[in-house]
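2 protein chains.
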Amino acid sequence: MEFFETVKNRRSIRSFTCDEILENEIKQLIDAARLAPSAGNVQPWNFIIVKNNETKHKLAKAALDQSFIEEAPVVIVVLADLNRSKLRYGNRGVNLYCIQDTAAATQNILLAAVALGLGACWVGAFQEDMVKIILKIPEDFKPVAIIPIGKPAGKVNMPQKRPIEEIIHYETFVK
Amino acid sequence: MEFFETVKNRRSIRSFTCDEILENEIKQLIDAARLAPSAGNVQPWNFIIVKNNETKHKLAKAALDQSFIEEAPVVIVVLADLNRSKLRYGNRGVNLYCIQDTAAATQNILLAAVALGLGACWVGAFQEDMVKIILKIPEDFKPVAIIPIGKPAGKVNMPQKRPIEEIIHYETFVK
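Note that the protein sequences, when read in sequence, are chains A and B. Numbering (the working numbering) for the first sequence: 10 to 184. Numbering (the working numbering) for the second sequence: 10 to 184.
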């Protein structure tokens with residue numbers, strides 16, 4: 010799919026058909042993720058692929074009962090490797106770059122899903138401690154996104170977006 | 010350009026030709042940015058378009074003397090609107106969602122640049138306070154990325170990327 014079309018077609022998909030996601034498709038999603046930029050090319054990311062129904066149920070609970078998470082055939086949990094960024098950049102690495110780098114990778118996954126005819130949703134509201142226990146995540150990794158992915162069960166309208174004139178400034182913020 | 014080709018062709022471009030960037034191209038970059046997802050559709054982003062040579066010089070200085078910034082015909086500075094996220098989500102909004110949302114928008118700009126035949130670089134290392142003074146940015150906005158953009162002056166090889174096997178896990182992180 011053409012790039013700008015991909016961006017325009019992306020929606021937050023919270024309803025999925027029963028169709029499975031192929032291993033080849035998962036690989037393409039993670040391949041897009043790992044090609045994201047990162048500060049100093051540190052690549053502070055890991056991805057957990059969850060298909061187990063019980064685990065998805067627990068993740069949905071940890072994500073404030075967002076039950077659509079367990080209805081997706083595949084859930085990708087994105088982790089920030091805090092030590093990788095800290096070793097190179099200290100606090101700015103942990104508090105900023107690590108979050109930005111994994112967000113760029115997450116955005117690549119969301120767009121790649123659209124390009125493959127799939128739908129996904131970036132879930133950010135969840136109990137990090139619970140997710141770490143459920144997925145046996147070591148201390149120095151921070152779960153930063155839960156992404157349920159599947160074939161969209163229906164059409165979703167584009168939510169209202171702020172117009173360009175409201176968010177663009179020229180030369181300085183304040184004139 | 011096809012989506013996966015766009016992702017594969019993206020490089021951090023630090024050398025630019027003298028060609029100008031059209032206003033129409035800038036609008037397409039910002040249009041891609043504003044279509045990024047954001048927590049609760051809060052869209053906590055603003056973008057400053059800088060073409061003035063003196064301002065670009067000051068930004069390069071604020072970015073630890075990364076002089077390639079001032080060689081780009083256009084520099085986009087991405088701002089996180091901390092209050093927008095804080096009002097809705099408190100500390101998690103300020104420390105996580107605001108950074109992630111603006112990172113997703115930044116990633117859309119980088120990919121859109123590739124799709125338009127342009128090149129860009131995500132600069133994260135800079136003195137935030139200096140950038141705020143240079144661009145007259147209000148207190149509650151945080152500059153999160155400086156993006157020099159132009160026609161690439163040459164080819165750049167893909168930096169080494171971690172292989173999928175190293176970053177992917179199935180069902181749990183630890184087996």
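It should be emphasised that the hints constitute simulated quantities derived from the structure, not laboratory data. Careful: at least some of the hints might be erroneous.
A pair counts as met if it fits within one copy or between any two copies, since identical chains are not told apart.
As the list claims (entries may be wrong) - Only pairs whose alpha carbons sit at most 20 Å apart, straight line, appear in this in silico EDC-like list of lysine to aspartate or glutamate:
1) K67 with E137
2) K60 with E79
3) K36 with E137
4) K184 with E11
5) K151 with E34
6) K160 with E80
7) K145 with E174
8) K95 with E148
9) K184 with D40
10) K170 with E137
11) K60 with E180
Taking 20 Å as the upper bound on the Cα-Cα distance, should K170 and E137 be classified as within, between, both, or neither? neither (29 Å within a copy, 27 Å between copies)
Alpha-carbon proximity between K184 and D40, which holds within one copy, between copies, both or neither at 20 Å: Neither: 43 Å inside a copy, 22 Å across copies.
Have a look at K145 and E174 and pick one of within, between, both or neither, based on CA distance no larger than 20 Å. between (46 Å within a copy, 18 Å between copies)
Measure nothing new, just compare the shortest in-copy and cross-copy C-alpha distances for K151 and E34 to 20 Å and report within, between, both or neither. Neither. Shortest intra-copy (25 Å) and inter-copy (37 Å) distances fail the 20 Å Cα cut-off.
Treating 20 Å as the Cα threshold, decide for K60 and E79: within, between, both or neither. within (9 Å within a copy, 48 Å between copies)
Is it within, between, both or neither when you check K36 against E137 at 20 Å Cα-Cα? This pair counts as neither: shortest intra-copy Cα distance 25 Å, inter-copy 37 Å.
Check K160 against E80 for me: Cα-Cα at most 20 Å, and say if that holds within a copy, between copies, both or neither. For K160 and E80, only the intra-copy Cα distance (11 Å) is at most 20 Å; the inter-copy one is 44 Å.
Go through the copies and call it for K95 and E148: within, between, both or neither, with a Cα cutoff of 20 Å. Cα proximity of K95 and E148: one copy only (14 Å, versus 27 Å across).
For the identical chains here, do K67 and E137 meet the 20 Å Cα criterion within one copy, between copies, both, or neither? within (12 Å within a copy, 40 Å between copies)
How would you classify K60 and E180 at a CA-CA limit of 20 Å: within, between, both, or neither? between (48 Å within a copy, 7 Å between copies)
At most 20 Å between CA atoms: does that hold for K184 and E11 within a copy, between copies, both, or neither? Answer is neither; intra-copy 37 Å and inter-copy 39 Å both fail.
In this structure, the hints that do not hold are numbers 3, 4, 5, 9, 10, in rising order.
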